[in-house]
Amino acid sequence: MDRLLLTLLCFAFFALCLYGMWRGWRRQARTQSVLVPPFPTVPEERGELLLSTRGLYVSTTMSGHWQDRIVTRGAGMRGPAALRLYDRGIEVDRDGAPGFWIPRDSIVRVGTAKGMAGKVMGTESLLVFTWRLGDVELDTGLRGDDLSVYPQWIEQAKGGAQV
Numbered sequence: 001m002d003r004l005l006l007t008l009l010c011f012a013f014f015a016l017c018l019y020g021m022w023r024g025w026r027r028q029a030r031t032q033s034v035l036v037p038p039f040p041t042v043p044e045e046r047g048e049l050l051l052s053t054r055g056l057y058v059s060t061t062m063s064g065h066w067q068d069r070i071v072t073r074g075a076g077m078r079g080p081a082a083l084r085l086y087d088r089g090i091e092v093d094r095d096g097a098p099g100f101w102i103p104r105d106s107i108v109r110v111g112t113a114k115g116m117a118g119k120v121m122g123t124e125s126l127l128v129f130t131w132r133l134g135d136v137e138l139d140t141g142l143r144g145d146d147l148s149v150y151p152q153w154i155e156q157a158k159g160g161a162q163v
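Residues 1 to 163 (full-length UniProt numbering) make up the sequence shown, in order.
One thing to keep in mind: the hints can contain errors.
[Unchecked claim] Simulated DEER-style distance windows between Cβ atoms:
{"hint": "1", "residue 1": "F14", "residue 2": "D87", "range": "16 to 22 angstroms"}
{"hint": "2", "residue 1": "S52", "residue 2": "T123", "range": "20 to 26 angstroms"}
{"hint": "3", "residue 1": "S148", "residue 2": "G24", "range": "35 to 41 angstroms"}
{"hint": "4", "residue 1": "D135", "residue 2": "L5", "range": "52 to 58 angstroms"}
In case anyone wonders, no lab produced these hints; they're calculated from the structure. Just so it is clear, CB atoms sit at the ideal spot from N, CA and C, and this is done for glycine as well.
All chains, full assembly: derive it from the sequences and hints.
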């Protein structure tokens, strides 16, 4: 009987922890939905395709706060994605999640980083785009399948932005 009670208590504690994490995620999404405008949708006219690569969409965070993941509107879900650079901006096409558009004129910086929102590597393995969305500055990170294309992305995507 004692063992059964202890097992039930462990399961109840585990369920309570999961519920608390779910509530925290929802509260953060509600708070961010007021602070962060909706992400731009991919326009019909994108311009000429300049570069394309696949990899793991890591996250979008508040710029300069690499652990402050944006969770509102599905932006917090990590997963496979394709990045496509066009004349007018960058398409972030996420598998199984809503994609979004980073307009070329909103890009502030393009570079690499060692970590972002729970994904940390020993080398500069993340391609990070710092961009403006309304009054908010965001960092969007991708861990590319082919790291050798990062210099091309940094050079071509900056489009007048600082590296």
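For each hint, the structure was consulted:
1. F14 x D87: 16 to 22 angstroms: About 51 angstroms separates the Cβ atoms of F14 and D87, which means 16 to 22 angstroms is violated.
2. S52 x T123: 20 to 26 angstroms: About 23 angstroms separates the Cβ atoms of S52 and T123, which means 20 to 26 angstroms holds.
3. S148 x G24: 35 to 41 angstroms: 39 angstroms Cβ-Cβ, so the 35 to 41 angstroms window holds.
4. D135 x L5: 52 to 58 angstroms: Given a distance of about 54 angstroms, which is inside 52 to 58 angstroms, the answer is holds.
Checked against the numbered hints given earlier, the structure breaks only hint 1 and satisfies all the rest.
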